[in-house]
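> Each chain, written out:
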Amino acid sequence: MAEFFQFLVSGLTVGAVYALVALGFTLIYNASDVVNFAQGEFVMLGGMVTVFAHAAGVPLPLAALLAIAVAVVVGIGLYWLAIAPARGASAVSLIIITIGASIFLRGVAQVVFDKQFHKLPSFSGDTPVQMMGAAVQPQSFWVIGGAAVVVLLLYVFLERTLVGKAVLATSANKLAAKLVGINTATIMALAFGGSAAIGGIAGVLITPITLTSYDVGTLLALKGFAAAMLGGMGNPLGALAGGLLLGLLEAFGAGYVSSTYKDAFAFIVILAVLFVAPQGLFGRRAVERV
Amino acid sequence: MSRQSQFKNLFMAAAVALPASIMSFTGTASAQQTVKIGSVLSVTGPASFLGEPEDKTLRMYVDKINAAGGVAGKKIELVIYDDGGDANKARTFATRLVEDDKVVAMVGGSTTGTTMAMIPVFEEAQVPFISLAGAIEVVEPVRKFVFKTPHTDKMACEKIFENLKQRSFTKIAMISGTDGFGASMRAQCVKVAPTYGVQIVAEETYGPRDSDMTAQLTKIKAAPGIQAVVNPGFGQGPAIVTRNYAQLGMSSTPLYQSHGVASKSFIELAGPAAEGVRLPAAALLVGDKLPDNDPQKKVVVDYKSTFEATAKQPVSTFGGHAYDGLFIMVEAMKRANSTDAKKVRDEIEKTKGFVGTGGIVTMSPTDHLGLDLSAFRMLEVKGGDWTLLPPGT
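Respectively, the protein sequence lines represent chains A and B.
All letters in the first sequence, in the order written, are residues 1 to 290 by UniProt numbering.
All letters in the second sequence, in the order written, are residues 1 to 393 by UniProt numbering.
Here chain A stands alone, though its shape is the one from the complex (with noise of 0.2 Å):
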């Protein structure tokens, strides 16, 4: 029983990395229908510029500040410089433009920083916590809870809020959208902006965990954007949810079947789920109320 809560919580801790990158992809795809594989950039920025401005001296809080702001001003410059003069080209472009940014991010951030793996100390210290026999990182509780509050924040702003009714409404319909006066740019530049947040968050909690390099983006993109397709793209609850299986598949695949096919053994199940449901599990059909 100890072995299963151990896979549970560690299967948790890296679902939330992953269901915050799917966050990320669904809320630039709500907004402008772009696939952002820069998604995997904003985690690493946060790691990079919190590591490096926490190394210069600045107080930790600080620096994760700093790191998140970072993050926002290259996802807005993202748009503004790359996708928004490619206003009207077709899907494929704009994903190939968004690989082209990361290759391109992932050049710069070697420049500026180095090739060298880095760590964050933890926020709340090393000692493990003991729960059902199972040994948890307390970093690990900022992961899930940081995770949480995001979902809460990001739910509470889009619901709630004019803006983020704003970015609903430019989601389902941008034309109508611009119609009833809403600025469809600066909507789409918020929503950059806004998941470069939440991959500048993700990156500061969980540098502590996972270590980061100027090419720790990759993965993350690609298991954030395998976490969205599972849960739905396009839709935040699929998103959490996605990400969070994903991590738990890993981790009792690693545990109970076998180490060696643990990513396979998850993009397995990925492809199972897209060919009974290819919307993912919670994707909306698409069918359209006129």
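Bear in mind the hints are in silico, worked out from the structure with no lab data behind them.
Which stretches of chain B does chain A cover? Using the computed rule of at least three CB atoms under 8 Å from a CB of chain A, they are:
1) 42-52
2) 227-239
3) 247-261
Every residue gets a Cβ at the ideal spot worked out from N, C-alpha and C, and that includes glycine.
Based on these hints, arrange chain B on the given structure of chain A.
What follows is chain B alone, placed relative to chain A:
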């Protein structure tokens, strides 16, 4: 000050002040006065942690050798290409070195993949090639013109198992990275384990980019009777394994890492969890802790201080491999008093008692590596630093 020493000082100053322009400086010299040594390194890309210090080391020491008068009466002209870790590019550059640049010798090849891709080119052109790659395939079977400087993963396994045997541990678990290094070392460990009476009772793997290994370690923890755990792997993976190991309270079972983590950044990344971890590593890592009568002490301390002063980054064993390769080559040229490729090759093969950063090298027609297990030191992490384990503990 005499006129001559004034001139000498001026020359030294120029050599120090213009390290970046050394290529063009030697490039203008006529072909008779220079000897061209080629190099293909993975300076950028995923293996840049190997190629970058190698590149810096070669440039640094070629400048020094030239400032001291060169080799066999000629200045060295270094031609370095960056393959970005790509074996196809490496092969293209190797062909370019042979056909266009007409190098007489080659020191380089950061990874096993790039080295294996380049071997046929240099074998065919009969140009001596000292590789900086780890795997034993490079020199086994022996190829006439191919040599290498780094210790092999097989030696690392043997060193670890030797230590296990001394402590009478016979039942172990392995958790290996699935990257090239981890997979290759795992295979070597499985092969040599019976020789040391070691039984591998549990085996797990992790991806090179995985951020959590608690699931695998929990399985190992549940396996009965395990006396030690061995982790072949490099990069950040072993650091996370070490952290999770402590998190799960497994520290009472000794953990062995490989030479793949032999750099200060491992201790930094793993933090207090690294306490008590043992690993085989080259003397370079503990240069200042070696006893004064150790034959390698002077070489490794000199290299460390030179590298750190010039490159402004901590020394790693990888740059040391390039140092060894360059000087084995240069000394062979000196002994041959010639830069003829075939004569140089013969002299490299006769290298005897060369004291490098990686160990004391004695090559032979059947051994193009020339290192034995004494090249590895057994280290333990204590108080956030490496400590040299006395033999037999």
